[in-house]
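> The primary structure of each chain is shown beneath.
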Amino acid sequence: MIKIISFSIIGFGIIFSILRLIKGPTAPDRVVALDTLSTITTALLVLLGFIFKRYVYLDVALVYALLTFIGAIAVARFLEKGI
Amino acid sequence: MESLGMAITGFGIIFLFLGGLGILRLPDVYNRLQAGTKCTTLGAFCTIIGVGIMEPQWFWKTLIIALFILLKNPISNHAIGRASKNIGVPLCDKSVIDKTEVFKK
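Read top to bottom, the protein sequences are chains A and B.
Per the working numbering: the first sequence = residues 1 to 83.
Per the working numbering: the second sequence = residues 1001 to 1105.
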């Protein structure tokens, strides 16, 4: 029961971020929503690894955090100066 | 130890939800950056450390992931905020003062 409540609370956070990602007026709004979504997804991956008792999910969360960090830096640099 | 980890994880989950709510509700890019940085940093940190406390042989790896999130999240959001200021995204209508006008002279 407590698992269902926790995952539904995180799910509402993800749904709100996706709504802002769809309707954001400018490009930086969408980038901020995507960065928030990636951080929530990292925490969700660690929590899923705890629920399923899989140690491998921690590696997946670490690599996902690295890749989204590089992606956010690259998109910010592209918005500021171009390629 | 189990109930302590569960309490810390629940605290972090509530802050993750508040970060998503702030992203949807706040009126401006810069205000959304506040919600998207602070709430999700504290939320992800507490959730991951709480999982490490509940499962003690995973503790060091979860500590590495949490410290990496604590380092990377302000850096990337600072880069996004700087870029959106430089390309001229306007403030919202209710804003009173823009302190960065001082640096343009």
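Read the hints as simulated data drawn from the structure, not as lab findings.
Ideal Cβ placement from N, Cα and C applies to all residues, glycine included.
Possibly wrong hints are sitting among the right ones.
Listed below are several chain B residues computed to face chain A (Cβ distance under 7 Å; list not exhaustive) [to be verified]:
hint, residue
1, Gly1020
2, Leu1026
3, Val1029
Facing chain A, according to a computed beta carbon distance under 7 Å, are these residues of chain B, among others [stated by the list, open to error]:
hint, residue
4, Leu1021
5, Pro1027
6, Thr1040
7, Leu1042
8, Ser1084
9, Val1089
10, Pro1090
11, Leu1091
> Now tell me if each hint is right for this structure.
Hints and how they fare:
For glycine 1020 of chain B, the interface hint holds, since its Cβ comes within 7 Å of a Cβ in chain A; the closest pair sits about 3 Å apart. Among the interface hints, the one on leucine 1026 of chain B is violated; its C-beta lies about 9 Å from the nearest C-beta in chain A, farther than the 7 Å criterion. Of the supplied interface hints, the one on valine 1029 of chain B holds, with its beta-carbon coming within about 5 Å of a beta-carbon of chain A, less than 7 Å. Using the Cβ-Cβ criterion of 7 Å, the hint placing leucine 1021 of chain B at the interface with chain A is satisfied: the shortest such distance is roughly 6 Å.
Hint status for proline 1027 of chain B: violated, given a least beta-carbon distance of 11 Å to chain A, over 7 Å. Interface hint status for threonine 1040 of chain B: upheld, as the beta-carbon distance to the closest one in chain A is roughly 4 Å, under 7 Å. Of the supplied interface hints, the one on leucine 1042 of chain B is violated, with its beta-carbon coming no nearer than about 11 Å to a beta-carbon of chain A, more than 7 Å. For serine 1084 of chain B, the suggested interface contact is upheld, since its CB lies about 4 Å from the closest CB of chain A, less than 7 Å.
Hint status for valine 1089 of chain B relative to chain A: holds, with the closest Cβ pair at about 6 Å, below 7 Å. Hint status for proline 1090 of chain B relative to chain A: violated, with the closest Cβ pair at about 9 Å, above 7 Å. Restraint check, leucine 1091 of chain B versus chain A: the minimum CB separation of about 12 Å is more than 7 Å; hint violated.
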